[in-house]
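Can you make the complete structure from the sequences, with help from the hints?
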Amino acid sequence: MWPILWAAARTYAPYITFPVAFVVGAVGYQLEWFIRGNPQPPVRISILEKKRRKTLQETAGRDLTQVISLKEN
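So the sequence shown is numbered by full-length UniProt numbering: it starts at 1 and just counts up by one.
For the record, the hints were derived by calculation from the structure and aren't laboratory data. Worth double-checking, as some hints may not be accurate.
Claimed, not checked - Quick list of simulated restraints, FRET-style, between CB atoms:
no., residue 1, residue 2, range
1, Glu58, Ala26, 49 to 57 Å
2, Ile45, Val20, 42 to 50 Å
3, Gly61, Leu31, 49 to 57 Å
Quick reminder that beta carbons are idealized off the backbone N, C-alpha and C, glycines included.
Here's what the structure looks like:
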């Protein structure tokens, strides 16, 4: 009798394990979401804002009216 049960379990294992794994995964996902709550996304500065800040820091101490002449002497 045991060999017949083991053969049946071996034959139908994919049909049994996938739904069980799916349910366990779904329950775990919901439980983790419930425990952690709604996460706050970190505040990220855009690349354009970083470029603007860098440009502002570079030009902070310079006189922007003094530029190199484009005419050749």
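Consistency of beta-carbon spacing, leucine 31 to glycine 61, with hint 49 to 57 Å: holds, 56 Å
Range agreement (Cβ of alanine 26 with Cβ of glutamate 58, hint 49 to 57 Å): Holds: the Cβ-Cβ distance is about 53 Å, inside 49 to 57 Å.
Hint check for valine 20 and isoleucine 45 - Cβ pair distance inside 42 to 50 Å: Once the Cβ atoms are compared, 45 Å apart, the range 42 to 50 Å for valine 20 and isoleucine 45 holds.
When held up to the earlier numbered hints, the structure conflicts with none and fits them all.
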